[in-house]
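As you go down the protein sequences, you meet chains A and B in turn.
Residue 1 is where the first sequence starts when you use the working numbering, and the numbers rise one by one after that.
Residue 557 is where the second sequence starts when you use the working numbering, and the numbers rise one by one after that.
Check each hint, because a few of them may be wrong.
[Claimed, not checked] Chain A stretches covered by chain B per the calculated footprint, using a threshold of three residues with CB under 8 Å from any CB of chain B:
hint: 1; stretch: 304 to 318
hint: 2; stretch: 339 to 346
hint: 3; stretch: 388 to 395
[Said to hold, decoys possible] Under 8 Å between C-beta atoms, here's a sample of chain B residues computed to sit facing chain A:
hint: 4; residue: 893
hint: 5; residue: 1081
hint: 6; residue: 1089
Hints in this document: simulated from the structure, not taken from any laboratory.
All C-beta atoms in this analysis are idealised placements derived from N, C-alpha and C, irrespective of residue type, glycine included.
Number of protein chains: 2
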Amino acid sequence: MPDSKLLLIPLGGLGEFGMNCMALRYGDDIIVIDAGMMFPEAELLGVDIVTPDFTYLEQNREHVRALVLTHGHEDHIGGVPFLLSQMNLPVYGTPFTLALVERRLEEHDLLKTAQLHQVKPLERVSIGPFSIEFVHVTHSIVSAVALAITTPLGVIIHTGDFKVDPTPTDNELFDLHTLAAYGKRGVLLLLSDSTNVDRPGYTESERAVRPRLEDLFARSERRLVISCFSSSIHRLQQILDLAAEYGRKVAFLGRSMLSTTEISHDLGLLSIPDNILLRPQDIMSMAPSKTCVVMSGTQGEPMSALSRAAVDNHKNVSIEAGDTVVLSSRIIPGNEKPIYRMINHLAKRGADIVYGHMNPPIHVSGHASSEELKLVLNLVRPRYFMPIHGEYRQLARHAALAQHLRHQGLEDTFVLETGETLEIDRQGARRAGRVTVGRVCIDSGSLDDIVEDIVIRDRRHLSEDGFVLPIIAINKHTGKSENLPEIVSRGFVSLEEGADLMKEARMVVAKTLETSTHEERTDWGVMQEKIRADLKRFLTKQTSRRPLIMPVILEV
Amino acid sequence: MPDSKLLLIPLGGLGEFGMNCMALRYGDDIIVIDAGMMFPEAELLGVDIVTPDFTYLEQNREHVRALVLTHGHEDHIGGVPFLLSQMNLPVYGTPFTLALVERRLEEHDLLKTAQLHQVKPLERVSIGPFSIEFVHVTHSIVSAVALAITTPLGVIIHTGDFKVDPTPTDNELFDLHTLAAYGKRGVLLLLSDSTNVDRPGYTESERAVRPRLEDLFARSERRLVISCFSSSIHRLQQILDLAAEYGRKVAFLGRSMLSTTEISHDLGLLSIPDNILLRPQDIMSMAPSKTCVVMSGTQGEPMSALSRAAVDNHKNVSIEAGDTVVLSSRIIPGNEKPIYRMINHLAKRGADIVYGHMNPPIHVSGHASSEELKLVLNLVRPRYFMPIHGEYRQLARHAALAQHLRHQGLEDTFVLETGETLEIDRQGARRAGRVTVGRVCIDSGSLDDIVEDIVIRDRRHLSEDGFVLPIIAINKHTGKSENLPEIVSRGFVSLEEGADLMKEARMVVAKTLETSTHEERTDWGVMQEKIRADLKRFLTKQTSRRPLIMPVILEV
Chain A
1 MPDSKLLLIP LGGLGEFGMN CMALRYGDDI IVIDAGMMFP EAELLGVDIV TPDFTYLEQN
61 REHVRALVLT HGHEDHIGGV PFLLSQMNLP VYGTPFTLAL VERRLEEHDL LKTAQLHQVK
121 PLERVSIGPF SIEFVHVTHS IVSAVALAIT TPLGVIIHTG DFKVDPTPTD NELFDLHTLA
181 AYGKRGVLLL LSDSTNVDRP GYTESERAVR PRLEDLFARS ERRLVISCFS SSIHRLQQIL
241 DLAAEYGRKV AFLGRSMLST TEISHDLGLL SIPDNILLRP QDIMSMAPSK TCVVMSGTQG
301 EPMSALSRAA VDNHKNVSIE AGDTVVLSSR IIPGNEKPIY RMINHLAKRG ADIVYGHMNP
361 PIHVSGHASS EELKLVLNLV RPRYFMPIHG EYRQLARHAA LAQHLRHQGL EDTFVLETGE
421 TLEIDRQGAR RAGRVTVGRV CIDSGSLDDI VEDIVIRDRR HLSEDGFVLP IIAINKHTGK
481 SENLPEIVSR GFVSLEEGAD LMKEARMVVA KTLETSTHEE RTDWGVMQEK IRADLKRFLT
541 KQTSRRPLIM PVILEV
Chain B
557 MPDSKLLLIP LGGLGEFGMN CMALRYGDDI IVIDAGMMFP EAELLGVDIV TPDFTYLEQN
617 REHVRALVLT HGHEDHIGGV PFLLSQMNLP VYGTPFTLAL VERRLEEHDL LKTAQLHQVK
677 PLERVSIGPF SIEFVHVTHS IVSAVALAIT TPLGVIIHTG DFKVDPTPTD NELFDLHTLA
737 AYGKRGVLLL LSDSTNVDRP GYTESERAVR PRLEDLFARS ERRLVISCFS SSIHRLQQIL
797 DLAAEYGRKV AFLGRSMLST TEISHDLGLL SIPDNILLRP QDIMSMAPSK TCVVMSGTQG
857 EPMSALSRAA VDNHKNVSIE AGDTVVLSSR IIPGNEKPIY RMINHLAKRG ADIVYGHMNP
917 PIHVSGHASS EELKLVLNLV RPRYFMPIHG EYRQLARHAA LAQHLRHQGL EDTFVLETGE
977 TLEIDRQGAR RAGRVTVGRV CIDSGSLDDI VEDIVIRDRR HLSEDGFVLP IIAINKHTGK
1037 SENLPEIVSR GFVSLEEGAD LMKEARMVVA KTLETSTHEE RTDWGVMQEK IRADLKRFLT
1097 KQTSRRPLIM PVILEV
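All chains, full assembly: derive it from the sequences and hints.
In C-alpha cells:
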C-alpha cells in the first residue's frame, strides 16, 4: 500500500486527566497503545471506574492487531479488561506491567483466554506494518518503557510516562542513548508526556526522598506508619532497606499493597531483607519502636487501610499517641477534603503526621518537569510534535515549549484532544476528522437486563429532567411538621444555579402545608398529591422543566 | 464580682476552616469577636453560605454587649448580617472593615438600624469589664487588627489573621512594639492564627509579587487581564501603579471589584492615578496593548467575570489569542476542578495563562508561616496559649510549636474545637463544658438556564438504573439517629419486587450506622460515604444494577 496514510487516533488522555489510550493506524492495520482508566469525579456518585469508549476499535474490529502497554499504572492499564472483553487482542508489555494486568484480568475471569506477550527493553516486535522497539524510561513505577515505532512513513516515538531520573534507586538509567540514536536518524513524530509541564526545572530523583525517610526512621520513638502508592516499588524498596538498617519489622497492610509487593518480589524487582516481614495480626503485640507499618490509602479513600485506622476501625492496627504517620505521596487535586479529614482524625489520636511539601521531600513526582521535557525534545528532534497525557492547558504549554525546535527541523506541533485525529502521508501531517469517543462509567459488577416497563418509564422521565424530592419530617407525637421542608434534587438544575430556586421551592412546600385544612393534614396521601401538584406548577413556571417529583413524608 | 470567671467560647473556626467566631465572657458580660461565614462543602446540596449557630448568644441575649471585628474577610464578617438580625449589637471595627460590613448589611436591609463604631489602631474601647486596644497587624486585607483585651483576670491577645510583613506596600508596619509591651507586662492568654502553621520559614512580603507583575507589564504585547481577590487592596494598588508606569488604562470588572475599589479609594486606602480608569464598555475599543483588565473570579466561580470571559460570555471583554491572563491568587483546596476547567477554556482561546507557584511569585499568602508564629509567641510570652483559626491538624501543630515557651512561663496549651470552652479563674485555666454550636446553612444566589455537565451526567446515570435515597433523620440535640432509616427509590426495581429488597436495604443502612465508631458518626461526610459504599455493595449483589445512591442526612 504505497499510498497509505498514518492516522493517530487519541481515544483518551488528551485534554483530560487519565484513561490514556491512543490508536495508531496505517492502512488496514491498527495498534492500540495503552488502555487506561480514570477515577471518577466526586460528582459521579455510584461510579467506580471510567474507561474510554472503545467504539472506534469495535467498528474496526477486524483491523485491530494488538494492544501495547507502556507501564502498569491504572491510567494506562485500568481499561484493559474492558477492552479485552470486547475483543481478545494480543497484549504486549514488560513482565511487571503484564503481572499487574493479569491480576485485573483474573478479577474479570479473562485471564485464561488472554494472549499476553512479555517484552523487554531493546527488544523489537513486528506487528503488521509496525516495528516496535521498547525503550527503558524512569518513572515512579518500575519497568516503564517508551515506544519507538517504525512505520512505512517514518519513526514515531511515544514516551509513555517518564521522568529523566539521573540516579534511580535500581540504577536502571533512562535510555537516553537509544532515543538519541533515533533522533539522529530522524523521527517523524514525537508524542510526549505533558503531566508536569507546568513545573520549572527538573523533577527530583526518587533517591531524594531517602534523607527524609531516614530521618524519620532515626527519630521516631514509637510505631512508624508509612502510606504510599502500592505500585511505588522504588519507594517500598527504600522503606524496606531503611527498616532493615534501623531494626524495624515491616508489615504490609491492604490488598493492593500485598499483591504488588508479592509480584515485584517474584520478578526480582523488590528485594526483601531476611526475617523482616511481620504478619498484620502480630503488629500490636510487637514493640512499637520495632515496627514499621506500610499501608495504602494516601488519598483518604474511605474504605482504605489508613482511613480505617484513622477512625480506629482497622482490625490489625491502632494508631496511638506518639506514633508517626507518614504520607509519602502527593495530594491528588480534588482529594484534599477526604485527605485532610483523615489527617484530622489521626491528629486527634495523638499521632505526629508528616505530609505535604517539605525539604528534603517526603515524596517526588514520577513525571518530567519542563527542563527534562526539553531534553527529550532536543534528543528526539522530531519533524512533528504532539503533546499527550494532560489537560488542554498542559498540552498547549508543552507545544509552546517545543517552539525553539523550529530552527532544528520541527515543522509543526498539534494540540489535539481525545477524538480529534492526525493524518500523516508523504506530503506531511495535518488535522483530520473526528472519531467517536467518550467516557464509559462502570460500577464493579455486571448488568442484568430484565427491567420492567414502569421502571423504564421512570428512568426516561429521570433522564429528561432529573428528580426533585421534598422531604417533610413529621413529629410522630404531634403529627406536625416542625422544620422547614428539605429538598434534594439531582439531574434537574446545577447546584450553584439552583440554590435560589430550591429555597423558594421549600417555601412553596411549607406554604402548602400551612394552608391545608386539618382534615387534609391527617391524610398524608392527600398531602403528597397536593405538594406534588403545587411544586410541579411552581417548577414548571420557573424553569419550563418537569422533573420527577416525589414527596417523602418522614415520621420522626 | 471578685470571683467571676473568664470563659472562652469558640462558636466557629476551631477545628474547621472558616466561619470564625469567638465569644468571651466574664461574669454576666459577653463580647463576640468576629462573625464569619464559610463556603459549604460539596456535600451540602444547594447551600451557598454557612454561618455559625448563634444559639449560645441567643440564650444569653441580655448579656451580649458587642461584636468586635478584626478585619473584613468573609470568614470573619460574612455572618454579621445573620447575627445582627438576631440581636442588634453595637459593632466595632476599623473604617474599612465596617465599610465592607455596611455593604452586606445593606443587602439585608439592616443598615439603618445598625450601630457601627469606627475604631483605629491604638484606640481603646471599654465594654463592660473589658478594655480593648486595637493593634495594627499586616495581612492580605488592609486595616486588619489584633485585639489586646484587658480583663479583671489579665490580658488576652487575639491576633485575628496576620502575617508579619517586614515591607508592606503601604508602609504600615505590623505593630510589634505594642505586642512586645503587653508581653513584657504579662499576658494571660494568647489566641493566634494557625492557618499557615504547616509552612516552614517566613511568608513572603506582599511586595514580593511586584517583580513578577512588573515583568508581565513589561513583556505583554496585548491585553493584560489580571484576576485577584477583590479585597486585596495592596495587590490592586501595585497593579494600578504598574499600569500607570507602563501606560495602560485599567478597567475593573465585577460587582465586588467595583465596590471594594470604590470603598478603599473613598477611605484613602487606594490611590488611583489620574485618568487611568477605563469604563468596561470601552475595553474592546481601546488598543489591547494599552489596556489592563482587573476582574474577580480566581476560584473559577461559575458566574464570575473571569469564568464568563473564559467561555466568551462576558458583555464587556473577549479574551483573544495572545492576551495574557494572570491569576494572582492561590487555588483554594477543593476548587481545582472549576479553576482548571476555566484555565483550559482560556488556553483554547489562545491566551497565555500565568498561574500557580513560580519564582518570583505571582501571589503571596496573607497568613504567618511557622517562624512568624514563633516570633509572635515569643513577643507575647503568654501564660496560656490557645491556637485558633484552623482544622484540628493545624491547631495541634501550632500548640506543638509553642512548647519551647515552657521555659518562659507558658503553663499550658489548649487545643479546643468549636463548642468546647476554656475557663479561667484566679487558680488558672482549664477545659470546661460544651455549649451548643453548629452550622447554619443559608441558601442564596441566582438561577440561570444553562444546564451544566454534571446535571446531564446525573440524568444519564439516573436513566440507567434510577435512584435510591437512604434518608437518615438525626436528632439535632443528641446527634443520634433514632428511627430506622427510610429508603425511597424510583426507576430502580418495581414496587412489588422491590418491597422486600428495600426492607433489607434499610437494615443494611441501620447496620452501617450501628457498627460505626463514635468518631465516624461525628463526621457525616464519612458516614455518607460508608452508607453509600455498603448499600451499593448490597444492591449490586442482589440486583446487578447500579442506581444513583445519595444518602440524605436530615437534622430534625
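Verification of the hints:
no.: 1; hint: 304 to 318; in the structure: holds (count 3)
no.: 2; hint: 339 to 346; in the structure: holds (count 6)
no.: 3; hint: 388 to 395; in the structure: holds (count 3)
no.: 4; hint: 893; in the structure: 6 Å, holds
no.: 5; hint: 1081; in the structure: 6 Å, holds
no.: 6; hint: 1089; in the structure: 6 Å, holds
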